Amino acid sequence: MSARDRLRPPVAATAGTLLPGFADPVLDAQSAFRAVLEAMARPGRVQRLPRPPAPPAPILPAAGAVLLALVDSATPVLTDAGAEAEAWLRFHAGCPLADGPAEADFLLATGTPPPLAALRAGTDEDPQLSATLILQVQALEEGSGWRLTGPGIEREHRLRVAGAPPGFIAERTANAALFPRGVDVILCAGDRVAALPRTTRIEEG
Amino acid sequence: MSTPMPESGYNFAYLDEGTKRMIRRALLKAVAVPGHQVPFGSREMPLPYGWGTGGIQVTAAVIGPEDTLKVIDQGADDTTNAVSIRRFFARVAPGLRTTERTAEATVIQTRHRIPETPLSEGQVMVYQVPQPEPLYKLEPRRAETRRLHALADYGLMQVKLYEDIARQGRVGSSYDHPVMVGGRYLMAPSPIPAFDNPKMHMSPALQLFGAGRERRLYAVPPYTEVRSLDFEDHPFEPLRANGHCALCGARDTYLDEMITDDRGGRLFVCSDTDHCATRREEKAA
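Line by line, the protein sequences are chains W and D.
By the UniProt record's numbering, the letter at position 69 of the first sequence is numbered 69, and the numbering carries on one by one without gaps.
By the UniProt record's numbering, the letter at position 88 of the second sequence is numbered 88, and the numbering carries on one by one without gaps.
Hint data in this document are derived by calculation from the structure and do not stem from the laboratory.
The model shown is predicted, which means the values in this text are computed figures rather than measured ones.
Backbone N, C-alpha and C define an ideal beta-carbon position, used for all residues, glycine too.
Incorrect hints may appear among the rest.
Below, a sample of chain W positions facing chain D; criterion: calculated Cβ distance under 8 Å [claimed, not checked]:
1) L27
2) L37
3) D72
4) A74
5) P180
6) D184
7) P197
8) R198
9) T199
10) E203
With beta-carbon atoms standing in for the labels, derived distance ranges [what the hints assert, rightly or not]:
11) R160(W) x P94(D): 38 to 44 Å
12) R87(D) x P20(W): 34 to 40 Å
13) E282(D) x S73(W): 51 to 57 Å
Given these sequences and hints, build the entire structure.
In structure tokens form, the structure reads like this:
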């Protein structure tokens, strides 16, 4: 039995009650996916999720929506969000919880994320087998801050990220050098998302 | 907002949610690695492989009730494949609007053409792809082509183009002419005419490609470099029949040749029916 297939028994919710997931699992997942697809296709453009769920703290509504739209029994998830958040995720998405950063397809970081170099980057033949890091930050604002260039960006997009982990740009630059391998990052703040696919070059503004 | 049940009793947009999530995850990775073919678990659809099952599965994973869908087959909205796919989604995706107008559409599923009307940022193109591997005719072993893509070793294709030029004086592919995406991946543009290749370069629309039988999907993000493969001394030339449309008179569109009788009578008409009809309406007004 591989680590990938191993399911941990669901952790009992500490609060006793489980918060709901998407109000409409079909259409809300579709609208959340479209926002993420748009964010990934146009790095640095901030998308608002129209109908996010209200996940338990510290998961933000945007991060909860991204996870419920994308993860299921086929995708091990690693998170630092705590037992209640894990129980919510296990109940609504049915995803296994990964043992470590190297086993996870999706990582949700509510605090300092594990180093990008510890995450799966895929292989040269299968660069799609890489991890997606969902990173919660304080605020996302277009128009100032980081200068982003690359596919999906006509000239330059500016993105101000409040609360990015220290040293993130340097780590991200080292990771981007692995192209076509590499980790894709989805930034979440409140009900808003922006993405940094591995192709995006970031310069401090 | 609650999900209105499709008439048939199927889930919204036919596919089950697990399949949609699998395709959605693959699409996000495809966008992150432009031009790279991502394997996916292609499902059986209620029409045969070769009829656009890859494109349909991508469209089903992407569309919602707020979308307006246009489907074209060789540029035409009124051919069998286009009509049946449009009708399929109208039945299984309640709320979804369909249109024949390029400018009104948010999702455009296509077989073998890119519309003449320039695309915009709010649009998603979904291409039906019969053979996603551009090297297939030169190297049929999938394990080997995967390695060639990993190494970005596209010498085989350069030699093929060189041999075309040496034998016929020009590059031999008038459709499905291979392109380099973002300077890294060789990609099959699906069998669109070479005339349409330049429209992929720095397109404001997101372009998604689905190959159902071959179980691969890939993507070109907006504003991404897409170069048709060529040589400095034999630059790529988008081919076009030398004529004008018999209906709207256009001299800058891609033309279909129509045989009108058995005595050699022939004429050209626009392949893009919506563009041609719009031009004729504007003339009449």
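### Violated hints - listed by number, lowest first
Result: hint 10 breaks, nothing else.
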